[in-house]
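Undergrad: Here's the letter readout for the chains.
2 protein chains.
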Amino acid sequence: MADSSHPESLIDLIEDLRKLPGVGRKTATRYAYWLVSQDQTYLTTLGKKIHAIKKAVKICRICGNKTEQEVCGICQNAERNIGQLCIVEQAEDILQFEKTGVYQGKYHVLGGVVDPLKKVSLQELNIDTLPDRIVSEEVTEIILALNPTIQGDATNSALQEYFRDQDLTVTKLGRGISMGSTLEYVDTTTLQEALNSRR
Amino acid sequence: MADSSHPESLIDLIEDLRKLPGVGRKTATRYAYWLVSQDQTYLTTLGKKIHAIKKAVKICRICGNKTEQEVCGICQNAERNIGQLCIVEQAEDILQFEKTGVYQGKYHVLGGVVDPLKKVSLQELNIDTLPDRIVSEEVTEIILALNPTIQGDATNSALQEYFRDQDLTVTKLGRGISMGSTLEYVDTTTLQEALNSRR
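Taken in sequence, the protein lines are chains A and B. Numbering that gives the first Met the number 0 applies: residue 0 is where the first sequence begins, and numbers increase by one. Numbering that gives the first Met the number 0 applies: residue 0 is where the second sequence begins, and numbers increase by one.
There's no promise every hint is true.
Chain copies aren't distinguished; within one or between two, either way the pair holds.
[What the hints assert, rightly or not] In silico DSSO-like pairs for lysine-lysine, Cα to Cα no more than 27 Å straight-line:
id	residue 1	residue 2
1	Lys57	Lys47
2	Lys25	Lys57
3	Lys118	Lys171
4	Lys53	Lys18
5	Lys25	Lys54
6	Lys18	Lys57
7	Lys117	Lys53
No wet-lab data here; the hints were simulated from the structure.
Isolated chain A (complex conformation):
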């Protein structure tokens, strides 16, 4: 940006802030200027938290959820061992399901989706612990809760193939979620309906 009124260090910060999801130059600029006008205490705290967040947050070694322990709160909760396993793309999606209060089973985070264009297959996702989980947690139903996108559909197909010869009911989220939307922004009611009408 050949803008003489823009200090170099601000341009630099703006470039980094623009990487945040959904943030363009205008929003990043707004954030950067706002940050300059804040207390140093807040800036130091926020800076430290951002630096430390990756180390503070672990991945649950059972389900792939984000946690501060080895195993997340949901996996530790024996009451949730009801034979249901809900497979999601990312840990954020678990939050959405938890908000509905409808689902009482456990989760499994793939950490990505099957994407034929980018040559990502199911084998590259977090599925290694699945066979063990199905046995030890006595899973009888798999709920596929991928985003209603082309990649989500490809992942569904790959998982249906993966579970084909096993004695499992494999369901998909039902009516309620419209093509093209992402789970992260679906409202709670729609998600409840989708859970209830899974097929």
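Guided by the hints, dock chain B onto chain A, whose structure is given.
TA: Coordinates of chain B only, in the frame set by chain A:
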């Protein structure tokens, strides 16, 4: 948030990110989860930049603009000494004017607005260097470019009173900016029109 699936350190980061302008819980959560999945290098860099931004960015001792030197690029540029001084609320507003390419004079940043409700008067804003500037920069025209809000109007009135007995043309930004909007988000064309039709 009594959400067992939300690690404490993420809740903590989300609370801090929510303070960013225009950011609610949903966006803050999205940012936080996205940050966790980034490279540690990026997180460390961003954290350091946020921590250091306040020290890196100085306030120009002449006009109040944000700069990395004692005096900002615009104040250093002698070609911009054309007798015009554009008074704005905040340094961000200078960027907007610079983008239009129409204005060739200098700026003065008040760093706030007159607000009768909060008992902020003109004397508490950055006006101490104004008398000296008017003499040394041979200013003949003052352009009042405050936001079209109640506080902006109060600031305009206070400045018109302040300049009353001086041999100066005092103009205000003209047609083009609609009541209730803020300069930061006005498009370039509207701002060009407003500059051209100042009165």
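Undergrad: May I ask which of the numbered hints given earlier this structure violates, with the numbers listed in increasing order?
TA: none
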